[in-house]
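If you read the protein sequences in the order shown, they are chains A and B. So the number in my numbering is just where the residue sits in the first sequence, counting from 1, plus 906. In terms of my numbering, the second sequence has 23 at position 26, counting the first letter as 1, and numbering is strictly consecutive.
Hints were generated in silico from the structure; no laboratory data involved. Take these hints with a grain of salt, some might be off.
Pairs of lysine-lysine, BS3-like flavour, derived with a Cα cap of 25 Å [unchecked claim]:
(1) B:Lys89 with A:Lys977
(2) B:Lys29 with A:Lys942
(3) A:Lys1024 with A:Lys949
(4) A:Lys938 with B:Lys29
(5) B:Lys29 with A:Lys949
(6) B:Lys29 with A:Lys977
(7) A:Lys977 with A:Lys1024
(8) A:Lys942 with A:Lys1024
(9) A:Lys1007 with A:Lys1144
(10) B:Lys90 with A:Lys942
(11) B:Lys29 with A:Lys937
(12) A:Lys977 with A:Lys949
(13) A:Lys1007 with A:Lys977
(14) B:Lys161 with A:Lys949
(15) A:Lys1144 with A:Lys1163
(16) A:Lys1007 with A:Lys1079
(17) A:Lys938 with B:Lys89
(18) B:Lys89 with A:Lys973
(19) B:Lys29 with B:Lys161
Between beta-carbon pairs, the in silico distance windows are [unchecked claim]:
(20) A:Ser912 with B:Val71: 38 to 44 Å
(21) B:Ala166 with A:Leu999: 40 to 46 Å
(22) A:Lys1133 with B:Gly26: 44 to 50 Å
(23) A:Ala1115 with B:Glu152: 40 to 46 Å
(24) B:Met175 with A:Asp1153: 27 to 33 Å
(25) A:Gly922 with B:Leu178: 44 to 50 Å
(26) A:Arg1029 with B:Ala157: 25 to 31 Å
(27) B:Gly149 with A:Met931: 34 to 40 Å
(28) A:Phe1062 with B:Ile93: 28 to 34 Å
(29) B:Ile93 with A:Lys1133: 51 to 57 Å
Here the structure is a predicted model, which is why all the values come from computation and not from measurement. C-beta atoms are modelled at their ideal positions from N, C-alpha and C, and glycine is treated no differently.
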Amino acid sequence: MHLLGSSFVISVLIMGGLGLGFAVMLAVASKKFAVKEDPMVEKILNALPQTNCGACGFAGCHTLAEKIALKEVPVTSCLAGGQEVADTLAAALGVDAQKAKRVIAVVLCRGGQAEAAKNAVYRGDMTCAAANLVGGEKECAYACIGYADCVEACEFDAMDMNSNGLPVVFYDKCIGCGACARACPRDIIEMHPEERKLFVFCRNKDRGAQAKKVCKVACIACTICVKDCETPGGIEMKDNLAVINYDICPQNDTPAKRCPTACILYGEPEKLTREAFYSPSLPKVMGE
Amino acid sequence: MRVILIFISAALVNNFVLAYFLGLCPFLGVSKRFDTALNMGLATTFVTTLTAVTTWLINRYLLVEYNLLFLQNVTFILAIAALVQLVEMFIKKTSIALYRSLGIYLPLITTNCIVLGLALFAVTREYTFMESVFFGAGAGVGFTIALIIMSGIREELEFADVPKVLQGAPITLLMAGMLALAFMGFAGLLSV
Chain A
907 MHLLGSSFVI
917 SVLIMGGLGL
927 GFAVMLAVAS
937 KKFAVKEDPM
947 VEKILNALPQ
957 TNCGACGFAG
967 CHTLAEKIAL
977 KEVPVTSCLA
987 GGQEVADTLA
997 AALGVDAQKA
1007 KRVIAVVLCR
1017 GGQAEAAKNA
1027 VYRGDMTCAA
1037 ANLVGGEKEC
1047 AYACIGYADC
1057 VEACEFDAMD
1067 MNSNGLPVVF
1077 YDKCIGCGAC
1087 ARACPRDIIE
1097 MHPEERKLFV
1107 FCRNKDRGAQ
1117 AKKVCKVACI
1127 ACTICVKDCE
1137 TPGGIEMKDN
1147 LAVINYDICP
1157 QNDTPAKRCP
1167 TACILYGEPE
1177 KLTREAFYSP
1187 SLPKVMGE
Chain B
-2 MRVILIFISA
8 ALVNNFVLAY
18 FLGLCPFLGV
28 SKRFDTALNM
38 GLATTFVTTL
48 TAVTTWLINR
58 YLLVEYNLLF
68 LQNVTFILAI
78 AALVQLVEMF
88 IKKTSIALYR
98 SLGIYLPLIT
108 TNCIVLGLAL
118 FAVTREYTFM
128 ESVFFGAGAG
138 VGFTIALIIM
148 SGIREELEFA
158 DVPKVLQGAP
168 ITLLMAGMLA
178 LAFMGFAGLL
188 SV
């Protein structure tokens, strides 16, 4: 038997040799290309929720952890974690704890089953995205469609539909991730800092008469709020819709008082959007 | 002259993704954004070229020499895996952001059928060393071209009004099919 010359031994030698050669090459390379990672990043990452929800605006929790470690962004950047995570991170980094800036979702449509006129019966797939393709049941092309895509999108059980067919956000649970705002095909839901109290609950860009025809609580572009706002330019009329400039408009109920359709309201958004305020018998209730 | 024809053939006429349907996983996975697509294409081109060099040398000086052609598949896979590891370490060192955005698709270059496919094609077509190198580079460039075109289409798709049932994977596969049809226009131009 010429064992040494047999293809069996040669193949074993060649495979082994190749494997060894590549192993040495990789070992050298791993030494040469070693990347040092900041241990602080891992510590921060462990404190973060690690749900990679993206509410902070970065690609994921790891990227945010790096940015926090480099002190490029404040410890309050994680919206899902809120104050608790901010305090933990502040302690870990040895910086002063800051108050977490809270952002909440606000549903900017009051035109529920009782207020909005209907011009169709929809029998398709019961999602807003599908209904939006054919216009939905309501005559108003800007109104809430009412099939709860936003409630479906919320991973924190912070939304539900009220008896008037409009979504309500529960602010004890809302973390401000913005998933509902992205799910809404008509962009009715907006994200706002929690200190804001004055909102135009309408997205209708029709002219006054048409807007009034399609919904009892639509903005009819009468410009009373524009005149009533204490700061000139605090509220502007854009495309037949009142738009609040939050940088300068004082947050009080003055502009809301004389709104003929009660679409501009002042108060806690959760209170404003709960059941009672949508009852047709109470078309004009403000705050509490 | 022949090497240039081989390069063009591998990159356009017999594009690995759009004519042979190899490497579809990264083609669909990393074609969402233009810059990641470009970088993935470049990384893959680097690997395909190096693979062509290494596997040609292994084949010629070890396997043919000792009459061990049955070891082709396993040695080629070994070489490819080692090369991809090397590229991964290199990218991690030079650009951590790119490393993250490529994510799982970077180690998956190992299992990209284009890489093993070109090594085996080069053997069966009995290419010389230079031909093999240009074939490898052409395969990588062809993959990059396909990725770039696809990422361009998909970035435009983000703004298009796609029906809900077709959103995501379905419309992407439809676009890939149409792209492949378009590339079929090159068929038969070159026969190397």
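Fill in: Indices of hints not satisfied (ascending)
Per hint list: 2, 3, 4, 5, 6, 7, 8, 9, 11, 14, 20, 22 and 24 violated.
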